[in-house]
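From first to last, the protein sequence lines are chains A and B.
Every position in the first sequence, counted from 1, becomes a number in the numbering used here once 1 is added.
Every position in the second sequence, counted from 1, becomes a number in the numbering used here once 24 is added.
Keep in mind that a hint or two might mislead.
[Said to hold, decoys possible] 30 Å max Cα-Cα, derived DSSO-like pairs, lysine-lysine: (1) Lys450/B to Lys225/B; (2) Lys437/B to Lys453/B; (3) Lys253/B to Lys200/B; (4) Lys151/A to Lys231/B; (5) Lys151/A to Lys201/B; (6) Lys151/A to Lys369/B; (7) Lys450/B to Lys151/A; (8) Lys196/B to Lys225/B; (9) Lys450/B to Lys147/B; (10) Lys318/B to Lys369/B; (11) Lys427/B to Lys315/B; (12) Lys106/B to Lys151/A; (13) Lys303/B to Lys271/B; (14) Lys95/B to Lys437/B; (15) Lys151/A to Lys437/B; (16) Lys221/B to Lys196/B; (17) Lys437/B to Lys201/B; (18) Lys221/B to Lys151/A; (19) Lys315/B to Lys151/A; (20) Lys198/B to Lys225/B; (21) Lys338/B to Lys318/B; (22) Lys151/A to Lys366/B; (23) Lys404/B to Lys147/B; (24) Lys225/B to Lys151/A; (25) Lys147/B to Lys151/A; (26) Lys95/B to Lys231/B; (27) Lys147/B to Lys106/B; (28) Lys318/B to Lys404/B; (29) Lys231/B to Lys200/B; (30) Lys332/B to Lys318/B; (31) Lys366/B to Lys95/B; (32) Lys271/B to Lys338/B; (33) Lys303/B to Lys198/B; (34) Lys271/B to Lys151/A; (35) Lys225/B to Lys201/B; (36) Lys338/B to Lys151/A; (37) Lys427/B to Lys253/B.
[As the list claims (entries may be wrong)] To give a feel for the contact side, a few chain B residues facing chain A, derived at Cβ under 10 Å: (38) Gly64; (39) Ala67; (40) Cys101.
These aren't lab readings, by the way, just hints derived from the structure by calculation.
Yeah, the Cβ is synthetic: ideal placement off N, Cα and C, and Gly gets one too.
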Amino acid sequence: MIYREAGQFRTTYAADQRIFPILQDRVGMVLLLAAAFVVVPLTASEYALSALLIPMLVLALAALGLNILTGYAGQFSLGTAAFMSVGAFAAYNLQLRLPWIPLLVIFVLAGLIAAGVGMVFGLPSLRIKGFYLAVATLAAQFFVDWLFTKVGWFSNYSSSGVITAQPMAIAGVPIETPVRRYLLVLSIVALMALVVKNFSRTRTGRSWMAVRDMDVAAEVIGIPILRTKLLAFGFSSFYCGVAGALWAFAYLGTVEPQAFDLQRSFQILFMVIIGGLGTVMGAFLGAAFITLFPLFLNWLFHAVLRGGEVRAGLLSQLELLCFGALIIVFLIVEPHGFARLWQITKEKLRLWPFPH
Amino acid sequence: MRTTKRWWWSGAVSALVLVWAAPARAEGEQFMPVPSYRVGPYAAGGTSLYGGFIDYMNLINMRDGGINGVKLTWEECETEYKPDRGVECYERLKAKGPTGASMFHPYSTGISYALISKVGHDKIPLVTIAHGRTDAADGRYFPYVFPLITHYWSLNTDIIRYIGEREGGMAKLKGKKIVHLHHGSAYGKEPNVVFQKQAEKYGYEAKIIEVPAPGSEQQAQWLEIRQFKPDWVIVTGWGVMNPAALKNAVRVGFPMDHIVGNFWTGSEEDVEPVGTAAKGYISAALNPPGKESKVIQEIERVVYGAGKGNMVDKKRVGSIYYNRGVLTGIVSVEAIRVAQGKFGKKPLTGEQIRWGLENLNLDPARIAAIGATGFIQPLKVTCADHEGGGAVKFQQWDGTKWKIISDWVQADKELVRPLIEESAAKYAKENNITQRDCAKEST
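So that you can see chain A by itself, here it is in the shape it has in the complex:
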């Protein structure tokens, strides 16, 4: 009833090419952004901001990065955490050694360095495909970890190999409070999500999808495979690199090389798969599910079974059990992920309340 595009005519190409062609979607998006930028900082507790929303947004950015590579360009990668790690260490070293560079430029440079590393490790993708490529990208994971542990220069010869992110400031304004850190992360993530959404509809974006669907056919119609694949690796690693820098600077405040281990790569891969491959929405839904749901279960069990009657160890086990079971349930109910569920909901909503 409320979600129906009847009567909305597109009379120009510009109107037809909008990201949200339907008025209700536009209004919804504006409301969502307004809520995220205004209502949340005003109302959310420090806990919600710094323990839930900031890590969720940062991981959503990393998932977005992997989604470019896996969802749009069809290249499997298990090096996501390694590229995040490169971003984090690059940002730390830039800030340490060239402190006059503005913070936002440092994030961009860190992303570019990660992009460079990503392109190097993307080279095998020209020869190998699918799961074999995933195994090849594992090299990035182990190499980066080894490099940062072995070469003391990267961690400024810290005795433990752990780096501590410097305090942040933009144009003299210190970014210390959770609200400011949240707004910084949110702005960066929102902007970069918009870029992906648009980029996926350009010539390059379409050639990524062509390569994903069938690379031989793509080559036949004149898409340069080398450039397309490497660009996807570079773009994806740029996002991961910025996410890594934000993880270090805006969330944890410290980075040890082990924070970006293979588990983190898998975690982000699961976000993309559960959220929905090749969608921007999916990255956010997947990140929300993977990061927030275990915590929600944890609260739930503590709230329902509180008072020490049930042992804490059992609660922790239950949390893992339920989470695992739910992943299986969701993948059976909707193998295409949350983004597809969202799409189905929208289709149903068009017919509501009179489905035929």
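Assemble the complex: chain A is given as a structure, and chain B must be docked to it using the hints.
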């Protein structure tokens, strides 16, 4: 399908309501967060550590009616030993109770690193007994971080001193070969600085070999050790790495009584999988194992007698990690007691308890009163020195249990302290922290 969906929704909504409708806590209680890890690869350690900690708090509540009448309350939060979950737990628990969290015991070097910049802002002491960031022992730069009792650098000097004693004097170390086999993590790397510094001082040949985390694969490393033919191997291990190290030592035929583990490499869980083959293996001990101490007997009598014990596996009461949890409880409770002496017998804030920690002075008389003689070393914390003790005992595995084989071996503070001050000053410079003047602190 429809009804199932409806069921799902109502379930989720009622869960949310329950989360927010959690009952408020009573006034007049001191809240203690318990960031435990009871699942994952390090669960064996976490279950006993936090079990002992909770049992001691229970003992204080049940036997004494709290600390000077102020009862302790606590809430557990699962960290899985991971920094991000640890930060979530910290944020969740920091404002609970009438006065907020008393102090935070992460027992994970990764988590403690991630919290260092946050605790100063929130004014909650971060107590990292025998783990965490070593240079935080310089309280002038880290007012809210307390690597109490000992840390990895002091520990390394303890171990070298012990090896020196076994060789017949520190001068005999010259020309000896010592390997440091360590876990490939922040924790494992931490002692390397001091290990090398001491090699310069005593003239032993140092070799550092890293085992990639989690450490279950060590064949290559032990082959390297065999080629190097060291006189001693020091192991800085954790969790699954420890039994793997001992098994590989057996395989290459390295004598067990020339392997010295640190205090995270010397629990029952570490040697039991190797069994009698590990006989003779030596490790540092922050606290002795067993139930000989009066405090452990009291816990068994009062807490387990009433069926309120936290350990599911009661055989683990008196294990190394369990006793370390009790040790944590003793230090925490005593610090609160000291703070109550200044601020009054009521629930205190983290800021007030920080004062208690900084002025903690556990002398032998007080330790005897707690019933922990020989269980905990005398401890005197000051504004500048947030470590306090620095000594460890050494223990040897006899095939079935650990046996203490030394008295408290003191750390080489003249060597360690300048390194700490230098490293802390470097950290302060990177992060624009100014030094606190300890002479001006009120006592």
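Do the hints match the structure? See the list:
The suggested pairing of Lys450/B with Lys225/B holds, with an alpha-carbon distance near 23 Å, which does not exceed 30 Å. Annotation: proposed proximity of Lys437/B to Lys453/B holds, straight-line Cα distance about 24 Å (limit 30 Å). Under the criterion of a C-alpha separation no larger than 30 Å, the hint pairing Lys253/B with Lys200/B is consistent with the structure, at around 10 Å. At roughly 15 Å between alpha-carbon atoms, Lys151/A and Lys231/B fall within 30 Å of each other, so this suggested pair holds.
With a C-alpha separation of about 22 Å, the suggested pairing of Lys151/A with Lys201/B holds against the 30 Å cut-off. As the CA atoms of Lys151/A and Lys369/B are separated by approximately 51 Å, the hinted pair breaks the 30 Å bound. Restraint check for Lys450/B and Lys151/A: satisfied, since their Cα atoms lie roughly 21 Å apart, inside the 30 Å limit. Among the hinted pairs, Lys196/B with Lys225/B is consistent with the structure: their alpha-carbon atoms are about 12 Å apart, no more than 30 Å.
Straight-line distance between C-alpha atoms of Lys450/B and Lys147/B comes to about 23 Å, which keeps the hinted pair within the 30 Å bound. The suggested pairing of Lys318/B with Lys369/B holds, with an alpha-carbon distance near 26 Å, which does not exceed 30 Å. Restraint check for Lys427/B and Lys315/B: satisfied, since their Cα atoms lie roughly 12 Å apart, inside the 30 Å limit. Straight-line distance between C-alpha atoms of Lys106/B and Lys151/A comes to about 22 Å, which keeps the hinted pair within the 30 Å bound.
With a C-alpha separation of about 12 Å, the suggested pairing of Lys303/B with Lys271/B holds against the 30 Å cut-off. For the suggested pair Lys95/B and Lys437/B, the alpha carbons sit about 38 Å apart, so the restraint of at most 30 Å is broken. Note on Lys151/A and Lys437/B: the hinted pairing holds, with a Cα-Cα distance of about 28 Å set against a maximum of 30 Å. For the suggested pair Lys221/B and Lys196/B, the alpha carbons sit about 17 Å apart, so the restraint of at most 30 Å is met.
Our distance criterion of 30 Å between C-alpha atoms is met by Lys437/B and Lys201/B, whose separation comes to about 23 Å. Between Lys221/B and Lys151/A the CA atoms are separated by roughly 19 Å; this keeps the pair inside 30 Å, and the hint holds. With a CA separation close to 43 Å, the supplied pair Lys315/B and Lys151/A exceeds the 30 Å bound. Simply put, Lys198/B and Lys225/B have alpha-carbon atoms about 9 Å apart, close enough for the 30 Å limit, and the pair holds.
A threshold of 30 Å between alpha carbons decides the hint, and for Lys338/B with Lys318/B the separation of about 17 Å falls inside it, so the pair holds. Proximity of Lys151/A to Lys366/B is assessed by CA-CA distance (about 48 Å); at most 30 Å being required, the pair is judged violated. For the hint linking Lys404/B to Lys147/B, the alpha-carbon distance of about 22 Å falls within 30 Å, and the restraint holds. For the proposed pair Lys225/B and Lys151/A, the alpha carbon gap of about 24 Å is at most 30 Å, so the pair holds.
At most 30 Å may separate the alpha-carbon atoms for a hinted pair to count; Lys147/B and Lys151/A exceed this at roughly 35 Å. For the hint linking Lys95/B to Lys231/B, the alpha-carbon distance of about 50 Å lies beyond 30 Å, and the restraint is violated. Taken as a hint, the Lys147/B and Lys106/B pair is honoured in the structure, with Cα atoms around 23 Å apart against an allowance of 30 Å. For the hint pairing Lys318/B with Lys404/B, the CA-to-CA distance comes to about 22 Å; that is within 30 Å, so the pair holds.
Distance hint between Lys231/B and Lys200/B is fulfilled; the C-alpha atoms sit about 11 Å from each other, no more than 30 Å. Between the alpha carbons of Lys332/B and Lys318/B the distance comes to roughly 19 Å, so the proposed pair stays at or under 30 Å and holds. Restraint check: the Cα-Cα separation between Lys366/B and Lys95/B comes to about 18 Å, which is no more than 30 Å; the hinted pair holds. With a C-alpha separation of about 28 Å, the suggested pairing of Lys271/B with Lys338/B holds against the 30 Å cut-off.
Among the hinted pairs, Lys303/B with Lys198/B is consistent with the structure: their alpha-carbon atoms are about 28 Å apart, no more than 30 Å. Restraint check: the Cα-Cα separation between Lys271/B and Lys151/A comes to about 26 Å, which is no more than 30 Å; the hinted pair holds. Between Lys225/B and Lys201/B, the direct Cα distance comes to roughly 14 Å. Compliance with the 30 Å bound is thereby established for this hinted pair. For the proposed pair Lys338/B and Lys151/A, the alpha carbon gap of about 43 Å is over 30 Å, so the pair is violated.
Taking the CA atoms of Lys427/B and Lys253/B, the gap is near 28 Å; set against the 30 Å cutoff, the hint holds. Of the supplied interface hints, the one on Gly64/B holds, with its beta-carbon coming within about 9 Å of a beta-carbon of chain A, less than 10 Å. Interface hint at Ala67/B: satisfied, since its Cβ lies 8 Å from the closest Cβ of chain A, which is below the 10 Å cut-off. Look at Cys101/B: its Cβ gets to within about 8 Å of chain A, closer than 10 Å, so that hint holds up.
The structure shown violates the earlier hints numbered 6, 14, 19, 22, 25, 26 and 36.
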